[in-house]
Amino acid sequence: MAEMFDLIKAEKIATRDAYGKTLVQLGGENKDIVVLDADLSKSTKTADFAKVFPKRFINIGIAEQNLMGVSAGLAAAGKIPFASTFAIFATGRAFEQIRNSIAYPKLNVKIAATHAGISVGEDGASHQAVEDVALMRSVPNMTVLVPADAEETSQVIKAAAAYQGPVYIRLGRLALPVLFDSSSYQFEIGKANVLKDGKDAVIIANGLMVAEALKAVNELSGQGCDVAVVNCASVKPLDKQTIIQIAQQTGAVVTAEEHSIIGGLGSAVAEVLSENCPVPLCRVGVNDVFGESGRPDELLVKYHLTAKDIVEAVRRVIAKK
Amino acid sequence: MSDLKEIACRIRQDIIEMLEKAKSGHPGGSLSAADILAVLYFRIMNIDPANPGWPERDRFVLSKGHAAPVLYAALAEKGYFPREELQHLRQTGHFLQGHPDMKKVPGVDMSTGSLGQGISAAVGMALAGKIDQKTYKVYCLVGDGEMNEGLVWEAAMAAAHYKLDNLIGILDFNGLQIDGETEKVMNSSPLSDKWGAFGWNVLEVDGHDISALTDTLEAAKQVQGKPTMIIAKTIKGKGVSFMENQAGWHGNAPSPEQAEAALAELRGEN
Chain X
1 MAEMFDLIKA EKIATRDAYG KTLVQLGGEN KDIVVLDADL SKSTKTADFA KVFPKRFINI
61 GIAEQNLMGV SAGLAAAGKI PFASTFAIFA TGRAFEQIRN SIAYPKLNVK IAATHAGISV
121 GEDGASHQAV EDVALMRSVP NMTVLVPADA EETSQVIKAA AAYQGPVYIR LGRLALPVLF
181 DSSSYQFEIG KANVLKDGKD AVIIANGLMV AEALKAVNEL SGQGCDVAVV NCASVKPLDK
241 QTIIQIAQQT GAVVTAEEHS IIGGLGSAVA EVLSENCPVP LCRVGVNDVF GESGRPDELL
301 VKYHLTAKDI VEAVRRVIAK K
Chain S
1 MSDLKEIACR IRQDIIEMLE KAKSGHPGGS LSAADILAVL YFRIMNIDPA NPGWPERDRF
61 VLSKGHAAPV LYAALAEKGY FPREELQHLR QTGHFLQGHP DMKKVPGVDM STGSLGQGIS
121 AAVGMALAGK IDQKTYKVYC LVGDGEMNEG LVWEAAMAAA HYKLDNLIGI LDFNGLQIDG
181 ETEKVMNSSP LSDKWGAFGW NVLEVDGHDI SALTDTLEAA KQVQGKPTMI IAKTIKGKGV
241 SFMENQAGWH GNAPSPEQAE AALAELRGEN
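Residue numbers (the working numbering), protein chains in the order written: chain X, 1 to 321; chain S, 1 to 270.
Any given hint could be a false lead.
Some chain S residues near chain X, calculated using beta-carbon distances under 7 Å [said to hold, decoys possible]: (1) Ser111; (2) Ala121; (3) Glu154; (4) Ala155.
Over 10 Å on every C-beta distance to chain S, these chain X residues come out as not near it, computed from the model [said to hold, decoys possible]: (5) Ile13; (6) Pro140; (7) Ala175; (8) Lys191; (9) Gln241; (10) Ile262; (11) Val272; (12) Asn276; (13) Val279; (14) Glu292; (15) Ser293; (16) Gly294; (17) Arg295; (18) Asp297; (19) Val301; (20) Lys321.
No lab work stands behind these hints, which were simulated from the structure alone. Computed from a predicted structure; not experimentally measured. A virtual CB, placed ideally from N, CA and C, is assigned to each residue, including glycine.
Next up, chain S with everything else stripped away, as it sits in the complex:
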C-alpha cells in the first residue's frame, strides 16, 4: 500500500502546484479525493493510458467536476498526457479546462462541472454496458454538497430500477460546501439511509485509508443486482493542515508562500 500512499501524496503536491500556477481553482475537494483517485487509477480500474478510447475499459466520471485538478494529476501520473501540461491548468489555449472536458483531455470519460449531471451520465454508460453485455464497470465520484441537486436522485432511482451493478459511486463525504457545513447549508443526511432507501447497496469507509478503500471497492465489484454507493468519510483539504476542514479553501488558490508551505508539509519537511 505504500506505493499508493506515495502516489496520493504526489497527486496532492501536483494539485497544490497546479492551483498556485493557475491562481484559481478548487483545492479543498481535490485534496479530499486524492486517496480515492489513487486507489481507483492505480489499483482498481481496468484501463490503458495508451488507448484512452478502449471500448472495454472501466469508466470514471468526476461528477463533482470542480475537483478537476485531482483527476488531471491522476491522469498525468498514469501517463495519459505529459506532466508538463499540469502547469497550464485553466490557461487560454491549453487543454486542461477549469472543469473536465472529454473532447480535449485524454482519459476524461465525461465532461462535467455542472453538479448532478455526471452521475446521470454514468447511469447511461452503465446502461450501455448492460445492453451490450460488457463487463466494464463505471465509477463515479460525487460530492456531498452535490447531494442537494435533484438530478442526483433521479439518477439514483434509475440506477436501482435498472439494477446497474456495474455502477459504483463514491461519495466524497467531506462535510463542507461553498457556503459552509453541508448540514447547515442544506442538510442531506442521513446519506446512508437515503441511498439505501433508493435501492443502492451502501458501504462506508474512511476515504483516506488506502487499504480500506481498496477492500471496499473490491467488495463493491462483487455486488450483484444493485448499484453500490461507497460513502467515503473524508477531510476537505486533507494533507495540508491549514486547508483541512476549512470551507474557505473550497474555491481559492494558494498564494506562492502558502503553496510552498503546503508542499513542504506534503513532502514531510516540517
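Chain X with its partners taken away, still in its complex shape:
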C-alpha cells in the first residue's frame, strides 16, 4: 500500500550519493572493479571510491569518448569498469564509442551516468539529459536501469556489477525520498516491482517519478480511485509479463518518467501494449522540449513532472476506457 511509503518523513538521499557509497563497498569485495571519471568525480561521487582505492581509480580528464574507449579496453583485459560522467556527455558525446567499442563486443562496462533529467536544475538545458534512455535503449546488448531511490540504486549497482555485459545506469543530482527498505525490497534486472495493486488504472514509473506516482495514488484513493503503481527500474530488459498482466487487469496505463516521452519508459511500455494488449495510455514526461535553468522543484512543476500531473493523466486515461 502507498501508505507504507511515508514520503513526508522520508530521509532524502540523491541516487548519485548512494552510487558513491555502494562503489566503495563493492570495491572492497571485488578487486576487479575499477572506476573511471571525466573530471567530475566530486559531482558523480566516484571521488568516494578514489579516496579508498586510488590505484583503481582512473581520471580520464574531460574526454568522454576516451572514457568509454579506455573502459572498453579495461573490460577486454578482465576488469569491471564503472565509467561515470554526466548523462548527456556519456550517452550523447560518447554514443558511438559506447555502441562500437562497448556494446558491439558486449564488454563488461558499467556506465553510471549522473545528472540525468531536468532536475539537474540551474545548469540548464545543455546539462539536462532527457534523451539518454532513448539512446541507450536502442543499442543492442545494452541493459538500461533507472533506480528510484537510494536503496534501489545500491541494489542496481550491485546487480550491474554481478551481471556480465554492458549496463547503463541513470542517476540523478537531486536528493530524493528514500522509498525502499533493504530488508523488504528486492531489485532484479528484467523485473518490474508492483508497489501497489489496483483495479482502475496503473501508473508505471521510474526514477524520481516513482515517489510522485505514490503521492498521486494517495490523492486518487481519497477520491475513490483505486490505482496500481509499478516501479519499472529495468527499462531494458523490460518486464513485459508484469506490464501486460497489470494493463489487462486495470485497462488504463499512465507512464511517468523524468525523460522525453520519445524513446524512454513511455515508449517502451507503448511498444509492449500496442503489440500485446492495446489499452488507453497516457505518457507523463518531458514533452519533446529542452529544459532550462531554474530550481529543480520549480522545473519539475513547469515541465509537468509532478504528482498533480500524474493525477490528471490518470483521470484522462480512465475517461478513455
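Fit chain S to the supplied structure of chain X, relying on the hints for placement.
Frame of chain X; chain S shown alone:
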C-alpha cells in the same frame, strides 16, 4: 629475416585473394601494413594461437580496422583458425567480418572499425596491465588518416599521463586516405613532433624493412616511463605495382584479372 619476408609475401597474396573473392574491402592499407604484422606476429609478440584468451599474452589492436584482411591473413598464417576461412571474408554467415570482431574471430583482441577507438581501447588494456602488474605489452596499429580523429589525441594524452610504457603504437604512415593525400585532405603533420609533444617516445622506421622494424620494436619494448609511437613510413598498396601510392585502391577490391596480375607479381612471376 628471409622467413619473415616470405611470410609477409604470403600475407599479401592472401589479402589479394580474399578481397577478390569478397569483391569488396580495403587492399591499400592492408598491403602497407603486411610487413609490420609479419614482424609483430612472427617475431615480437608473446602469444599462443592455441590459447587466444591467455591472460598473460601480448595484445594487438588494429585501430585502423578497415585493414582487417592483413590481420586475418596474419592470424590464419599463425594458426588461430583454418586458412579456408579466408575465402569467406565479408560473406553472410561466416565469421570474418568486414571489420574485426573480437567475439567472432579467435586472436582478435579488440573489435574495431570506427577510427580512433582502437587506440583508446589499447590504452585501457595497457592500464589494466599496469594495475595488475602484468608484463604483457599492447601493440596498436593506427593509420595516418586516422590522425584526423580527435579521440586519437585524447588517448595519446592519457597514455602519456599514465606513463604506459607497455603500450607501443605503430603508425602506418602511407600518406593517403580515402579522398587523397593526407596532407591535402587534412594535414596532420608534423606527426613526429605531435606525438613527441604529447609525451610519447617517438621512433621512425621504414615500414617495409623487416630487419629495421624488428630492431625498432625491440627497442620500443625497452623504453620505460612513456609509451612509444613508431612512425613507420610505408607505401599504400605495397607489393602490387599498380596499387602502390594510389588512393583509389583504399577501398576497392581487384577484379579477377587484376588479382591474377597482382598475385603473379607477388609470386615474382613477372
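A quick look at each hint next to the structure:
1. Ser111: 4 Å, holds
2. Ala121: 4 Å, holds
3. Glu154: 4 Å, holds
4. Ala155: 6 Å, holds
5. Ile13: 31 Å, holds
6. Pro140: Non-interface label on proline 140(X) holds, nearest chain S Cβ at 12 Å vs cutoff 10 Å.
7. Ala175: Correct as stated: the minimum Cβ-Cβ distance to chain S is 33 Å, above 10 Å.
8. Lys191: With a cut-off of 10 Å, lysine 191(X) remains clear of chain S, as the shortest Cβ separation is near 27 Å.
9. Gln241: At about 29 Å from chain S, glutamine 241(X) clears the 10 Å cut-off, so the statement holds.
10. Ile262: Check passes; 26 Å lies beyond 10 Å.
11. Val272: 29 Å, holds
12. Asn276: At about 32 Å from chain S, asparagine 276(X) clears the 10 Å cut-off, so the statement holds.
13. Val279: 40 Å, holds
14. Glu292: Answer for glutamate 292(X): holds, closest chain S Cβ roughly 29 Å.
15. Ser293: 29 Å, holds
16. Gly294: 33 Å, holds
17. Arg295: 35 Å, holds
18. Asp297: 37 Å, holds
19. Val301: Non-interface label stands for valine 301(X): nearest chain S Cβ at 40 Å, farther than 10 Å.
20. Lys321: Answer for lysine 321(X): holds, closest chain S Cβ roughly 47 Å.
Hint compliance for this structure: every hint is met.
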